[in-house]
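**Q** Here the protein sequences line up with chains R and D, keeping their order.
Per numbering that gives the first Met the number 0, residue 0 is the first one in the first sequence, and the count goes up by one each step.
Per numbering that gives the first Met the number 0, residue 0 is the first one in the second sequence, and the count goes up by one each step.
A hint or two may mislead.
[Said to hold, decoys possible] With a straight-line Cα cutoff of 20 angstroms, these simulated DMTMM-like cross-link-like pairs (lysine to aspartate or glutamate) come out: (1) R:266 / D:55; (2) D:71 / R:267; (3) D:71 / R:165; (4) R:266 / D:47; (5) D:50 / R:267; (6) D:35 / R:68; (7) R:80 / D:98; (8) R:124 / D:65; (9) D:56 / R:267; (10) R:155 / R:173; (11) D:35 / R:267; (12) D:35 / R:139; (13) D:35 / R:138; (14) R:80 / D:106; (15) R:266 / D:106; (16) R:80 / D:65; (17) R:78 / D:65; (18) R:286 / R:209; (19) D:80 / R:267.
By construction, these hints were calculated from the structure, which means they are not laboratory data.
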Amino acid sequence: MNARSLVFGSAGVFVLTLVATPVNITAQQNAAPATHLTYAKDVAPIMQRSCQTCHRPGTNAPMSLLTYEDVRPWARAIKNKVTQRLMPPWHIERNVGIQKFKDDPSLSDAEIATIASWVDGGAPKGSVSDMPAAPTFPDDEAWHIGTPDLIVEIPKPHVVPAAGGDLWIDYISDSNMTEDRYLQAVEAKPGPGARAVVHHLLTYLIQDIDQDEVLAGRLDDRPTNNESFLNEFAVGKNGDILPEGTAKLVKAGSKIRFNLHYHPSGKETTDRARVGLKFYPKGYKPKYHQISLQIANAHEELDIPANTITRHDGYYRFSKRRASPRSRPTCTIAASGCASKRSCPRAALRR
Amino acid sequence: MLLLGAAVSAQEPVIKRSAPMTLTGEIVDISCYKSKGVAGGTGAAHVDCAKICVLEKGAQVGILSDGDGLFKIWGPMAASKYAKVLPFIGQQVEITGTEVTLSNNYDVRSFEPQSIKRKGK
Chain R
0 MNARSLVFGS
10 AGVFVLTLVA
20 TPVNITAQQN
30 AAPATHLTYA
40 KDVAPIMQRS
50 CQTCHRPGTN
60 APMSLLTYED
70 VRPWARAIKN
80 KVTQRLMPPW
90 HIERNVGIQK
100 FKDDPSLSDA
110 EIATIASWVD
120 GGAPKGSVSD
130 MPAAPTFPDD
140 EAWHIGTPDL
150 IVEIPKPHVV
160 PAAGGDLWID
170 YISDSNMTED
180 RYLQAVEAKP
190 GPGARAVVHH
200 LLTYLIQDID
210 QDEVLAGRLD
220 DRPTNNESFL
230 NEFAVGKNGD
240 ILPEGTAKLV
250 KAGSKIRFNL
260 HYHPSGKETT
270 DRARVGLKFY
280 PKGYKPKYHQ
290 ISLQIANAHE
300 ELDIPANTIT
310 RHDGYYRFSK
320 RRASPRSRPT
330 CTIAASGCAS
340 KRSCPRAALR
350 R
Chain D
0 MLLLGAAVSA
10 QEPVIKRSAP
20 MTLTGEIVDI
30 SCYKSKGVAG
40 GTGAAHVDCA
50 KICVLEKGAQ
60 VGILSDGDGL
70 FKIWGPMAAS
80 KYAKVLPFIG
90 QQVEITGTEV
100 TLSNNYDVRS
110 FEPQSIKRKG
120 K
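Please construct the entire structure, taking both the sequences and the accompanying hints into account.
**A** Right under this line is the structure:
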């Protein structure tokens, strides 16, 4: 398995660690006797909290896990995935750094042991009276950031065939911005009815920038300094709402680059991916000016020979420099494949 | 029981193959199963719909196994719009063959059956 760890050192060093070592936990620890465990009473609450946000019809997950009947054919597979901590995906290092996150879907050792024991006990359904009420899920068309002031779509509908290989593709759209505005919130999402074919999508802001907006030592694959990371959609992710007083500047004439990963779902599907932008009021002066840096390629070369277990560590050091008088830059780290985006550590803000 | 010999396949390259194994479960239309779940996308009531999807819309066929989840049917039995497998759609079956890991594949697991029969027959 691969586990990606995000570690923030005390010296302001951002450490991106790729570890390719198998991780197994003792599933039987703290488990109740297997014969007492049922789906309805013991497993369904876990599935509702940690699995069903992604594993439900209409998403790009390969199966729904909404009901006992949905779950039962996958019982051994589920045990295998959760005991190795491959599912639910949660790449935060469990022994280092920040541990408490809002809406953390990861499983405790006791929850994993419960699932494993339930499977070992024959995966019984149990009494319907023990089944928790079915959860409700947000409308996929609802904007988590509130009603956007501007919605930018990819320039044309993209048809994903029923079958075939995965596709990564870029589209660039004009924002049609005629004046500079400060961004308060941003949310990218697939077009209506296209969630099943969009594995993820990244959005980037393309615009002319001033010298004090350049982040030194950039490691990602942006072709020019004019492009900065904006937002990512992936299953389970919502929009990004900046803290009050913090803003990203979106300039007149800016463009949006959409980087899309499409995955055929077995049914031809048309997508019109979009990103919603919500601005602070005109004339607003933020205290902090956010510039985003995507640290995706911490290695110049990543060569993993077939059938081997290797470990690769990447490091990024933030340079210290004074903020310009007109604004105080803040930064956001978005690690490719990471489930969450969060503010930089204090050390990194002393730029 | 239906036995198939080796046949030429123009499918993705196999990079790993398991030891021979037997799976039990239901033959399903993958697209309907994935979009509707067990209740809406499998079972006897869904057989006619599944056959239309496979024959006219190019849907893929798999086995929803008893415990190990979904495997896409791969190899000779996927030929000619799953002609050898389609009669079993919506039925509980036993298939014997090998799991194959395909190059550049991010989809569900794949299985190359050598034989298929109704469960208990």
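**Q** Could you run down the list of hints and mark each one as holding or not?
**A** Checked hints:
no. : hint          : result
1   : R:266 / D:55  : 12 angstroms, holds
2   : D:71 / R:267  : 18 angstroms, holds
3   : D:71 / R:165  : 16 angstroms, holds
4   : R:266 / D:47  : 17 angstroms, holds
5   : D:50 / R:267  : 17 angstroms, holds
6   : D:35 / R:68   : 12 angstroms, holds
7   : R:80 / D:98   : 18 angstroms, holds
8   : R:124 / D:65  : 15 angstroms, holds
9   : D:56 / R:267  : 9 angstroms, holds
10  : R:155 / R:173 : 12 angstroms, holds
11  : D:35 / R:267  : 16 angstroms, holds
12  : D:35 / R:139  : 16 angstroms, holds
13  : D:35 / R:138  : 17 angstroms, holds
14  : R:80 / D:106  : 16 angstroms, holds
15  : R:266 / D:106 : 14 angstroms, holds
16  : R:80 / D:65   : 16 angstroms, holds
17  : R:78 / D:65   : 13 angstroms, holds
18  : R:286 / R:209 : 18 angstroms, holds
19  : D:80 / R:267  : 17 angstroms, holds
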